[in-house]
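Asker: The primary structure of each chain is shown beneath.
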Amino acid sequence: MSDGKVFMIFQDTADARPFIEALTQENPAATIIHQPGMIRFEAMGEIGITRAVVEELAGRDVDLQELHLTLISLSGNIDEDDDYFRITRH
Amino acid sequence: MSLNIAAKEVKPLRTNFGYTARRVGENKPASRYQEAVYDIQPTCNFHYPPSWEPDKMLFDASRTAIVMQDWYSFTDPRQYYYTTYVAARAKQQEVMDSNFELIEKRNLLQGVPAAVLQQIREVLIPLRHLEYGANMNNQDICDRGYGTTITSLASFNGFDRIGMAQYLSRIALLLDENEETTLLAAKTAWLDAPVWQPLRHAMEDTFVLDDWFEIMVAQNIVLDGLIYPLVYERFIPALTAQGGGTFLMLTQFMNEWYGETVRWTNQLMKVTAAESPANAELLSAWTSQWVARLEQAVLPLAQLAFGENAAAQQVAEVKQELLARLAKQGIKV
Amino acid sequence: MAKKLNMRKRYELLTRGLGWEPTYQSKEKVFSNESYEGIKITDWSKWEDPFRLTIDAYWKYQAEKDKKLYAVMDSFAQNNAHLNLADATYVNALKLFIQGVTPLEYQAHRGFARLARQFSGEGAQIACQMQSLDELRHTQTQIHTISHYNKHFNGMHDPFHMHDRVWYLSVPKSYFDDAKSAGPFEFITSVSFAFEYLLTNLLFVPFMSGAAFNGDMATVTFGFSAQSDESRHMTLGLELIKFLLEQHEDNIPIVQGWIDKHFWRAYRVLALVSAMQDYMLPESPMSWKEAWEIYFVENAGALFNDLARYGLRMPKYHEQATAEAEHLSHQVWGTLYNYAHAASMHFWLPDEKKMDWLSEKYPNTFDKYYRPRYEMWAQMAKEGKRFQNGGLPQLCQVCQVPMLFTEVSKDDPMQISYRSSEFNGEKFHTCSDGCKDIFDHEPEKYVHAWLPVHQIFQGNCGGAAIPDILNWYHFKPEDGGDYAGSADETRWKAMHGETTGAASSDTESAEEKAAA
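Protein chains in written order, with our numbering: chain A, 1 to 90; chain B, 1001 to 1333; chain C, 2001 to 2516.
Here are the computed lysine-lysine pairs in the DSBU-like style, where the Cα-Cα straight-line distance is at most 35 Å: (1) B:Lys1187 to C:Lys2046; (2) C:Lys2003 to B:Lys1091; (3) C:Lys2476 to B:Lys1008; (4) C:Lys2029 to B:Lys1270; (5) C:Lys2353 to B:Lys1011; (6) B:Lys1056 to C:Lys2427; (7) C:Lys2410 to C:Lys2361; (8) B:Lys1011 to C:Lys2067; (9) B:Lys1187 to C:Lys2242; (10) B:Lys1011 to C:Lys2382; (11) B:Lys1008 to C:Lys2382; (12) C:Lys2368 to C:Lys2353; (13) C:Lys2151 to B:Lys1011; (14) C:Lys2476 to B:Lys1056; (15) C:Lys2067 to C:Lys2009; (16) C:Lys2354 to B:Lys1011; (17) C:Lys2004 to C:Lys2242; (18) C:Lys2068 to C:Lys2004; (19) B:Lys1270 to B:Lys1056.
Source of the hints: derived by calculation from the structure; they are not laboratory data.
Please model the entire structure based on the sequences and the hints provided.
Answerer: The structure is reproduced here in C-alpha cells:
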C-alpha cells in the first residue's frame, strides 16, 4: 500500500448518514473533518465501505450506488462491486 | 432570527432574465423550460477555429442547408429540460424494473412457445446495435446542431437509445438465464446475416452525412418512423396471440417512447417546413430519398418478422402512415 | 435458476459488443476525429468504466438528486431566503458564477457530445454521453437556482449574452474554446483531467462550503449536487489518462504536453475563483491558499505519484502556481477593483476585519504587499479620489487575463511579469512562462484569439466610448461600480427594513448581521 492520501467528501445530510457512519466504523485510521455543509474523510492509501455494514446501519437493503446521491467528491482510484466501494492509491 | 416581513423589501426587481424576457416579455414569467433552453448556446466571438473543421466556427448554423431566421422557433412540446427528462424516464424505468422482476420471479417466459422465443432472438435482440447507431447519430446532432431546443433533445434521444439497447440486452439475458448466447448470436447476425445488411449499410451511410439536419430526417423521422411501428406496434403485439404477451411488458418502454418521440419530431418538421419553401423542399427531398432507401432496407427484417407474404404489405402500411403524418406537417413526398 | 451476475459482469453484458465496427464505410471516415491527434489506441475493449452505472440507474439516481435539489430551490424562493444571507456582497460571487462558469458547463455539454459520437469504444463513449448530460444538468440547475437571485439583485440578468462579449469573461470562454477546438483526446485531457480532476474541487468544494457558511442554501445544494456528478467525471478523466498511457508509449509525450498546457490554462481561469474565495465570501471558512494546499498540492501530488509509473510527471510550472497562491487572490481582486466601472458586478475594499483575516491567512505577503495598497486606496476614496484605471488593460494573448501577475517565482513579487513572442513578424504578449510556452507551441492557433481589448479598438464592440461598450455588453448603470452606494446595497438595506445611511456604515451593519 502506498502512502498517498485518498479522500471522500459527503454532504452533511440525513441521507448520507449510513454512509458516513459506515466510513467512520470501517476506517478507524481515517481523519474526519467537518466543514460547513460537508464531511471529509481522509486516509493514507485506502478508504472504503462494505454494503453489509451500510445496510446494518440503514436498517434496510442498500445499493451502494446510492452513495452517488450524497457523495461530493473523492480522490484516488475507484474499486467498486456489489458488496464494497473502495478508493485506493497504488 | 425572526423576520418582520411587512417592514422588508421583498418585491422582485424583475421577473425574468434578459434572454427570456426578449422572448416571452418583461412581465410574463418564463417557465423553467424556457430559462433552461432559450439562447444559452454561444453564438459569436469564438476564439479559435475548430481543428476538426477549420473552415467553420465552433458553433455554426451553416452545418446544415436548412435555414432558420431564429433557431429557437422550434420548442419541444414535451418541454424537456434535464430534470423533467430524467424524472419522466425514472418513472418509466421503475415500471420496467417491476415488469422484469415480475417476469423473472414468476418464470413467465417458461410458458412462451419456443418459436416465439426464437423470433425474439432473431428479430428483436439485434436491434440493440441499431439503437447504438441511432445513439451515435443523435450525439452527432447534439454536437454539430444549432440551437439548444434541438440539440438538447438530441442528447436525450441519444441517451434513450443506449437505455433501450440495454433493455434489449436484458431481454437477451432473461432468455438465456444470464448466459450471453443470444447476445453473441445477435451480434454475429447483425454483422453477417443478409437480413441485417441493408439496414447496417444504410446506418453507416447516415454516419458520414455532412448535414446534421439530414441525419435528423434519415434517423429520427424516417428510420424510426418505419422500424418502431413495424417492431413495437405490429410485430410484438402480434406475438400475444401466439403466447408471447410477456414481450409487450418487456418492450413497454420502447412503445411509449416512440409515442412520445413523434410529438416532437412532428413539431420540428412542421416548424422547419413552415419557415420557407426552400426548407420544405429540402425536407421533402431528404424524406423521399431516405424513405426509398430505408423501405428496402427494412423489408428483409419485415420478412423475418411477418413472413414472406405479409412483409411487403406491413412495410407499405407503415410507410403510408409515416407519409400521411409528414404531409400533415407540410412535407409532401 | 439463472446464475447471479455481479455488477461488473452485468454491466459488461448490457453493453457487450455495442461499439460500432464499420465495414460499409471506412473507420477513418465514421470516426473521423479519432486519429488525427496522433493518439494510438490499439484496443478500446481494455477501457473499463469503474462506476458501471447503467442508463436506468442513471435515470433513477439523477431524478432522485434533482428532486431534492429543486425542493430546496423552491423553498428558497418561497421563503425569500436570500434575506438570510450573511451579506449582499456575497451575491457578487453568484454574478461571476452565472456569467463565467454556467456557460462553460454548457460548452462541456456540447463538447462531450462530440466525444460520444467520435470515440469508437462503447465504454468511453457511454461515459462521455453521461457526462454530456450531466453538464447540461449543471447549466440548467445553475440557471434555475440563480434565477431567484436575478429577481432581487443586479448584474445577473443576461449571462449568456455577456459570456460571448464581456472582456473579463473571455478568460473562461477562451479556455473552453481552446479545448473545444482541439481534437477529442486533447479535449477530454483538458476538461476531465486538467480542469476537473486537478482543479474543480477548488471551486465546488471550499467555495460551496463557504456558500453554506454564508447562508446560501440554494447554491450550496446545487454546488454539492453538481460535484457529485463531478466525481464520476474526475474518474472518467483519470481512467482515460491511464488508458491512453497503457495503450501506447507514443501517447505519453502527447498527453504530458496536454496536461502541461491545460493545467496552466485552467489554473489561470481559476485566478477568478481565488478572488471569489478570499474576497467575495463575507465569512470564509478556508482561504484560497489553504484550499490550494489541500486540493492541489496534496491531492495532485498523490495522484502524480500514482501516475509516475506510466511515465507521467507533475504539470510544468506547478511550483510556480503554488508559489503564486500567496499572492493570487490579492492581485486579482486589486485589478478587479480598478476596473469596477466596467464590470457587471460590484467590488469593494476589504474592511478591517477582512484584512485581519487575510493577514492571518497570508502572513508572508498580505501585510507586506497588499494591505498598504488597500489602505491607500481607501484613503483616496475617502478624499473623493477613488482609484480606478481609466484605460484598457493589456491582455495576455493566451489566458486573456490583464497583465497583473508578477515575478513571484523570481522573488520579485512587485514586478509585473511580461513575456513576448514573435510570429509572422508580429509581437504577441503573454503573462508568464506558462502562457508563453503555450503560445510558442501553437502560435497559429493563438493569433486567432478574440481579444476583447483589441476588438474594442477595432470598433467591434458597440462603439469607442465606455458607455457604448457597456451597452453592447447589456450592462445597466446599476450593475457595476462600487458596492458601497450601489442599488444592490440600497435594496439590501431595504430588505432588512433599514433606510440607507452613509455608505461607510454599510460594512459594519453587515458584520452585525453576520454576528447575529
